[in-house]
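Can you make the complete structure from the sequences, with help from the hints?
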Amino acid sequence: MDYTSIFTLMRAETVLAAILVLVFLYDLIAGERGRRWFSAVTCGLLVVQAVVCLLPGGEGEAFGGMFQYHPMHGIVKAVLAMGALIVCLQANTWLRREDTRHKQGEFYILTLSTLLGMYFMIGAGNFLLFFIGLELASVPMACLVAFDKYKRHSAEAGAKYILCALFSSGLMLYGISFLYGTTGTLYFGDMAARLDGSPLQVMALVFFFSGLGFKISLVPFHLWTADAYQGAPTAVTSYLSVVSKGAAAFVLLTVLVKVFAPMVREWQTLLWIVTVLSITVANLFAIRQKDLKRFMAFSSISQAGYIMLAVIGGNALGMTSLVFYVLVYMAANLAVFGVLSVVEQHSGGKVGLEDYNGFYKTNPRLAVGMTLALFSLAGIPPFAGFFSKFFVFAAAFKGGFHVLVFIALINTVISLYYYLLIVKAMYITPSDTPIGTFRTDRYTRISLAICLAGVLLLGVVSAVYDGIDLFAFGL
Amino acid sequence: MEYTILILLLPFVSFLVLGLAGMKMRPVVAGAVGTAVLAVVALLSWWTAFEYFSAGRDAAGVFPTVIPWNTVWLPIGGALHIDLGVLLDPISVMMLVVISTVSLMVHIYSLGYMKGERGFQRYYAFLALFTMSMMGLVVATNIFQMYLFWELVGVSSYLLIGFYYTKKEAVAASKKAFIVTRFADLGFLIGILIYGYYAGTFSFTPEAHALVAAGTMIPLALGLMFVGGAGKSAMFPLHIWLPDAMEGPTPVSALIHAATMVVAGVYLVARMFPLFIGYAPEVLHWTAYIGAFTALYAAVVACVQSDIKRVLAFSTISQIGFMIVALGVCTSADPHTGGLGYMASMFHLFTHAMFKALLFLGAGCIIHAVHSNEMSAMGGLRRYMPLTHATFLVACLAIAGIWPLSGFFSKDEILTACFAFSPVMGWTMTAIAGLTAFYMFRLYYGIFWGTENRELHAAHTPHEAPLTMTLPLVFLAAVTCVAGFIPFGEFVSADGAAYAIHIDTGVAAVSLCVAAAAIALATWMYARDRQPVADKLAATFSGLHRAAYRRFYIDEVYQFISHRVIFACISTPIAWFDRHVVDGFMNLLARGANGAAWLIRDMQSGSVQRYCIWFLGGALGLTVLILLIC
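Taken in sequence, the protein lines are chains P and Z.
According to the numbering used here, the first sequence is numbered sequentially starting from 1.
According to the numbering used here, the second sequence is numbered sequentially starting from 476.
Note that these hints are calculated values from the structure, not bench results.
C-beta: ideal position from N, C-alpha, C; glycine also.
It cannot be assumed that every hint is accurate.
What follows is a set of in silico ranges between Cβ atoms, one per label pair, in the way DEER data are often shown [said to hold, decoys possible]:
1) P:G31 to Z:L495: 42 to 48 Å
2) Z:V1040 to P:L416: 32 to 38 Å
3) P:V48 to Z:Y672: 45 to 51 Å
4) Z:I1041 to P:L416: 25 to 31 Å
5) P:R365 to Z:R1085: 38 to 44 Å
6) P:D432 to Z:G494: 35 to 41 Å
7) Z:L495 to P:G348: 33 to 39 Å
Below you can see the structure in the form of structure tokens.
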């Protein structure tokens, strides 16, 4: 047995585990003064993590095919680490509060644990490791959702999340057991050759899909989303909406391509239905929301539908556009959540749409940042969101799903309407009691600067897309 | 020569800095920063020209095309891709020198001219943006990059024409310029797309067999590109925006609407010249006819205008007509047999840029002194502004084509090329050259001699401009005096080989005589204190005079077409359709969406048990559906 692969192929996981231990020790050892630097230390370590993920390395597998590495995995893991980094930056204001200060270490450890789970999910070459990764990502996530445990909303959201997660894991495991029963293996590579598309396997496919659909929050597996997003602390919501979702979407694509290649007709039909449902239903719900966190929940469900457009073709173009979409979506969505979070902290918990009336007058910079991010989410050129939408549409179109692309296009118009509702509230609708003027702290400013740079530059600087494209693979 | 990228980057950085942080700087600092950056850019451009031309010719006897920078910016699929880069060849290097020199002069000049204006920093930011765009246009490695920067140039021109945005005329003029040129650019874009589709590339050097296979599509594409060029270069009937564009600050008129941007159309034709000659010579000749008509039309109109900037604007239109004619009369790519016009056109572009910038900057000094554009406020100014007077005279002599000033040499080459094409064309252009001399000296005498407006000058004595403004005048006048002796054919010619310029004595003698006669006529009519002859002529041919003064009612024709035909007969019905049918449909959609949202709201009940039922039901339902469909 060659253990060097732990430091080559598995270096991202190894380093992350080491970081986890370091943060844990820091939490134990550092005194009251040292804890002031907690955020900076964690963020610094996450930068290291992202760099380690991006180090060049060849494709390969370890532990007899249990674990796999591909350069594309490195990119995705780096993107996720970046997402976690931005979330940690934005969580700082909230974590410094009186009631959470003593447990900020817990937040970082739980976040990093879920990240580690996602890494294993991505690197898995076997359903067993895949499932362990999934659970490692889910269970600490429930703790995060219920982080403000003495608040009713947060505790309720945590309970709902863990119950739904258990249910979906159970169903997924049930599906995997069917697969094992009909093929006699849990290895991705071996299973692909033994699939024949029997009704039992179709059911297994749907059950497996429902487990990831839960994570990505696709209709009809999305019902927990709005409640959990609304109840969870805002930093956790943003983490859920971006990092967790992005990892699951990428894994879905790789597993569909690697394992379920013989059943391509089935899963393309499945995705077709689910995509249309997700985009449309979420849009219909989003129009009527008054609470911005709930609103962002439905927005993220419809965005998940767009991500599925990249998956459905199953081609290399789809993979590039998926990773690019996740990257761009991360920049824009985290910018929105960053503003939401900082406003919530400075205004005593205001998250309603009406609370944002006249926001531009009192906090012009934040309002402009939020506007740019919303424009990107809606896909208005020249912001990055336009290009990422363009590429996923192109990927689906190339796969031959013309009607689907058309439906998605109509839905973009609807989504534009509700994104602009926020812009309208901020700029046009006057208010007698606007949110007061306040100064944001350095961490938030850095995180927003990174996000907005992404929103403005990712689309225009074609090198990013081309760089991702080098490593893409498909059916 | 990788440093050439700095020629683009430096003004861009300057634009960003001045645009973002300019309002926090003192105006003097902002002006100094902008000018200093431009000085570096000008030095770099001159150095580029020196290094490029001193590197010498290659084995084939031509200056090689150098591409120090090129990146694939947007792959479109197949072999087609859009690149961004820097391309150096004789004409782009020549343009770099022209643009940076004139731009530097305008930057220095504006330090005095724009002093104390509101938005001084913004002005310098826009100038930097314009310079960057124009440089990007001329060094484009492919037609699409050219188009991108072409539009950027249009935007910066729009911003600068509308610089005094509180003035109604300026706003209207900037809109007019933008809309007219954008309209023309539509043709350009379609031309580019056709070209890209059939040639399989956006580069200037496509595969010959692709072009041959495309048949008539290449002439069509080139013709459409020329429409774009005609819009920017104010060719009839797309010229209507240029006279109005004089609402911008005068140095801007000198830079953009005289020396650089308006010759972009000429540059475009020169850039595509090998294709025009090879695949669409008849289209090329059509451009010559359009250019000749424009030159004549603008010269006639210029004879009766009273606003000095308008006279100069029409004179610019007329001179660009000369350049287009020179390109259009080419019948081969060999300067010895029918390809002389290419060199003549580029030569005239170069000399014209210098003396026309000089004229505009001089006009700026005059306007600065009397606070009016109208000739009625001037007259007799030679006593108050000796330096401006002397330099203005040099420029007038140059544009009239008097030896040994630069305009003589370039115009002589153009006329020689025209005579080689056909005697009719030759004589027409000679006559227009005579008209040019006439209206320029009408202008000159109207400003510096003629009837002095003593009342106004007593109330406010005109004075010579400050050094920052006169220095550029002197520099440009010096260039105008010596530029004619540059062996231009050594650097630029239709086939790239060295071409020794020789003056055709017959043509030169005729054109000199015509110019001298026209100047004499203008002197006789306008130099004295009273102008009975001119007044009598205007009274006798009052209809013609008024028509020419109103620019032969071309603007009114546009007004009629746009308001009475397009707005009334097309736009109004479309607006109705949009209001009632499209909006109605959208409202229906919105109402439908709202209703649907209301109907499905029970799904999101908040009860976990229900969620799990939906979850399981959904999964089973999907399974059944897939089994049924597949």
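Hints versus structure:
1. P:G31 to Z:L495: 42 to 48 Å: 43 Å, holds
2. Z:V1040 to P:L416: 32 to 38 Å: At 34 Å between Cβs, range holds.
3. P:V48 to Z:Y672: 45 to 51 Å: Roughly 49 Å apart at Cβ, these two residues keep to the hinted range, so it holds.
4. Z:I1041 to P:L416: 25 to 31 Å: 29 Å, holds
5. P:R365 to Z:R1085: 38 to 44 Å: Distance hint for R365 (chain P), R1085 (chain Z) holds at roughly 43 Å.
6. P:D432 to Z:G494: 35 to 41 Å: 36 Å, holds
7. Z:L495 to P:G348: 33 to 39 Å: 34 Å, holds
Of the numbered hints stated above, none is contradicted by the structure.
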